[in-house]
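All chains should be modelled from the sequences, with the hints used to inform the complete structure.
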Amino acid sequence: QFRKSAAYPGTLPVLNEACIRHAVSLALALGCQVSPRVCFDRKHYFYPDLPHGFQITQERTPIAVNGQLQVPGTNKMVPITHLQLEMDSGKTVARDGSVALDLNRAGSALIEVVSAPALASGAEAADFVRTLQAVARALDISDGNMDQGSLRADVNVNLRVQGRELGSMFDPEAMITTPRVEIKNVTGLRFIAKAVDSELARQLAALRAGEELFCETRGYDARENATRPLRRKETRTDYRFTPEPDIPTVLITQALVDQCRAEMPELPAAACDRLVASYALREDDASILVREEGAREYFEDACQTGAASPALVAAWVINELLARTRHAGLRSVADSPAAPRAMADLLGLVERGDLSGQRAKDVLDIMFSGDERAPRDIVREAG
Amino acid sequence: PRDFQRAMLTALRCARAVVFVKRNLSRVHESPLPFMSLRGARDGLASGEFTAVDLVDAALGRMDDIRPTNAFTQNFGDAAEAAAEASDARRAKSQSLSPFDGIPLAVKDNFCTERGVTTAGSAMLQSFSALYDATVVESLEKQAGMVVVGKTNMDEFGMGSTGNHSRFGVIRTMDGRSPGGSSGGSAVAVMEGAAFAALGSDTGGSVRLPAAKCGIVGYKPTYGLFSRHGLVTYASSLDCPALLTRNVRDIAAIVPHLNVYDTRDPTSINLPSQRERISSECRMIDQNNDIDLSDFRVGIVRESIEDAGEAATSAAASQLAEKGAKISLQSIPHYGISLATYYIIATAEASSNLARYDGLRYGGSKVYEENSFHETLSQCRANDFGDEVKRRILTGTFTLSQEHRAAFFDKATQCRRLIANDFQRVFEEVDALLLPSFAESGIVDSDPVNEYRTDSCTVPASLAGIPAVTVPGSNGPVQILAPLLRDHRALQIATVLSETR
Chain A
1 QFRKSAAYPG TLPVLNEACI RHAVSLALAL GCQVSPRVCF DRKHYFYPDL PHGFQITQER
61 TPIAVNGQLQ VPGTNKMVPI THLQLEMDSG KTVARDGSVA LDLNRAGSAL IEVVSAPALA
121 SGAEAADFVR TLQAVARALD ISDGNMDQGS LRADVNVNLR VQGRELGSMF DPEAMITTPR
181 VEIKNVTGLR FIAKAVDSEL ARQLAALRAG EELFCETRGY DARENATRPL RRKETRTDYR
241 FTPEPDIPTV LITQALVDQC RAEMPELPAA ACDRLVASYA LREDDASILV REEGAREYFE
301 DACQTGAASP ALVAAWVINE LLARTRHAGL RSVADSPAAP RAMADLLGLV ERGDLSGQRA
361 KDVLDIMFSG DERAPRDIVR EAG
Chain B
1 PRDFQRAMLT ALRCARAVVF VKRNLSRVHE SPLPFMSLRG ARDGLASGEF TAVDLVDAAL
61 GRMDDIRPTN AFTQNFGDAA EAAAEASDAR RAKSQSLSPF DGIPLAVKDN FCTERGVTTA
121 GSAMLQSFSA LYDATVVESL EKQAGMVVVG KTNMDEFGMG STGNHSRFGV IRTMDGRSPG
181 GSSGGSAVAV MEGAAFAALG SDTGGSVRLP AAKCGIVGYK PTYGLFSRHG LVTYASSLDC
241 PALLTRNVRD IAAIVPHLNV YDTRDPTSIN LPSQRERISS ECRMIDQNND IDLSDFRVGI
301 VRESIEDAGE AATSAAASQL AEKGAKISLQ SIPHYGISLA TYYIIATAEA SSNLARYDGL
361 RYGGSKVYEE NSFHETLSQC RANDFGDEVK RRILTGTFTL SQEHRAAFFD KATQCRRLIA
421 NDFQRVFEEV DALLLPSFAE SGIVDSDPVN EYRTDSCTVP ASLAGIPAVT VPGSNGPVQI
481 LAPLLRDHRA LQIATVLSET R
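Taken in order, these protein sequences are the chains called A and B. So that you can map any letter, position 206 of the first sequence is 206 in this note's numbering, and since no number is skipped, the others follow by simple counting. So that you can map any letter, position 219 of the second sequence is 219 in this note's numbering, and since no number is skipped, the others follow by simple counting.
The hints are simulated quantities; they were obtained by calculation from the structure and are not laboratory data. Please note that the accuracy of each hint is not assured.
What the hints assert, rightly or not - Beta-carbon label-pair distances, calculated as ranges:
id	chain 1	residue 1	chain 2	residue 2	range
1	B	GLU306	A	GLU112	34 to 42 Å
2	B	ARG297	A	GLU112	51 to 59 Å
3	B	LEU329	A	GLU112	21 to 29 Å
4	A	THR249	B	ARG277	20 to 28 Å
Built from N, CA and C at the ideal position, the CB exists for glycine as well.
Listed below in structure tokens is the structure:
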């Protein structure tokens, strides 16, 4: 494996079937058409984190095209232009004034989801990525963790604005469009929102001040809350795209597509609708339960005991459990020390009026500190 | 020129016999052992006539004798001796890994080996320890027990037809001639008895040409038949691990050991019944069967004899006709553009496959530490690549560039399809084709393009991916082509030709 990551002489790229299945599943979840024949291409450039001197990607035949993803909240339908499979590069790490090279992830497969320009603000962009993240997690093709690089976003931003918004020097009727800027490697959902908003502000300010704007690649600096130039994109790099000769054309049969479709788990949007219908929840609450890792299963398990009403369980999972889980440094609600059954029992006490809400929160804290007694016992023994 | 060639070859054969006899007189312990066929060695081991140590000693002795040729980059002397002893021990306990257990093998230095370095004839890899064996090496050494006596010298990265382009010294035959390339070292090793067989690589003729020039047998299999895992890539869609031996039936004997589907090579052919057919036909050739050519239809490629002369193919055709084959003249209409097509595709793929050589992770003639990555890259590639390699990388970069790709690379891939179609059509009329093995172009060594012209007879088969064998003919070396996955047919015809001279 190391030899292939480091592009050792004599090693050849091997496509694994799992990548294809994952990509097909994601394509179906996003309503795309899956291509029956896909090929790969080499995209050439020299960079230390690209051991082969080229990246294997899909320039001619993306694995799927023409889908869409509905973002809950705004209910915006964002068009998905295409999905492509590609090979990951390594990572350069700045260290004591020099640059270290981490090749561990080089050569692993990536699925790139390309959306059409349809998002109007940082918040919308973050919501879109969050929705996509939930889909990827539901399909179990990625843990979707942005801080670990399992999910990465390159955000393309530009502005289209009427002259009247810019100042008296501008023709009020004119539509001014700024050159596209790519913000690379934004490593968190909050950062996506902030990066987009700060870049939009920068472009607007530059326009108003009559400064020149360029097509370029920028990085987001979280401490300064601003984007910084990485490299100019005025001249388009010639990547000398070549058909990848080592990987034969892949035929994606209808049988494979049907199988992926049949094996698809419940997607977040469908889960949300089902929670609203079955448990009479508000859409906002259903969304949160669906998108927070483990929350939906926890909620449904707790409701199943019948010990407390769904509305109360939902309210407590969202308002009390999630915060405590995060505070305890746990990844998922499923890892919380308070099991769904215990939680339901506790809430049953509250609902019958045997316990006040405030006392119940105290009991929950006790449970979170590792106390394994049943809530009833904790209440009784604490008086 | 063709008469001259014939005269030269005859003179060479006499010269070699003379040299051999002279040595025989001066070194009493000299034996005919190292010039025996692979199958003869196998039989002798089995009957106890000699041991693996005898064979390896003889081969190592020859390696020593032929030092002036620069045929080898590395001599695995001690390890080879130890392996020979281990082989004899296994044989004594009836635990031989295969009938070839203990027989000396030479490996071209672009196949990764755990032992030693894998230089591919380049300064760029002069200190590269692969630490793993290429699949074909593993098959012959670890699985069949053959003893690798050394790695052979070659034109850098497989680029060259003369043996002039190695960073580790010009390769020559013992009589000072160019052995051809790029597997020049392997050809000299087999010709001179330093090994009973050699692994080479054939991209546009790199095994067939040196085999023809050195008067031995060269075989390029169907593309994808032998695994490329562990072969330092030159041109991905053209490279084939290939074999050189002194005798055609020797090739057939080895083929079943290498004819294996390999998941580590995504272009490895996954058609078990086709593979099995090739292996079983080869086993029959190995078992000395009489080959019946009475239903064989053999075509001579018209355009190839117009290009390279008809002496060799005419002689071969007569021999085959006497054995009952039906000879006809056939046409490969796009033969004439195959040289240009090959060089555009090969150099383009080379520019891509050699992009990884930046001096950072392995190999290199020294450590380059400039101020920036791009400066390091430039220095390393400027120093550690030879002129011919640089020429081909630049050519490939040009033909893949945005402005020129449509006119050159894309066109060339379309032409390749036309050439492949020509062969497919012709193989509906005939079972095999005869061509000369190379065009003697009166090479002036310093002209790179002239050097490319020697490949005109070998590149068509490379482009079409079809199998090809070259054998010394009664009137010069001759090349036999067969359809995809009909490798055994070419070997059958080659066997008849070599046994009826």
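What hint numbers does the structure not satisfy? 1 and 3
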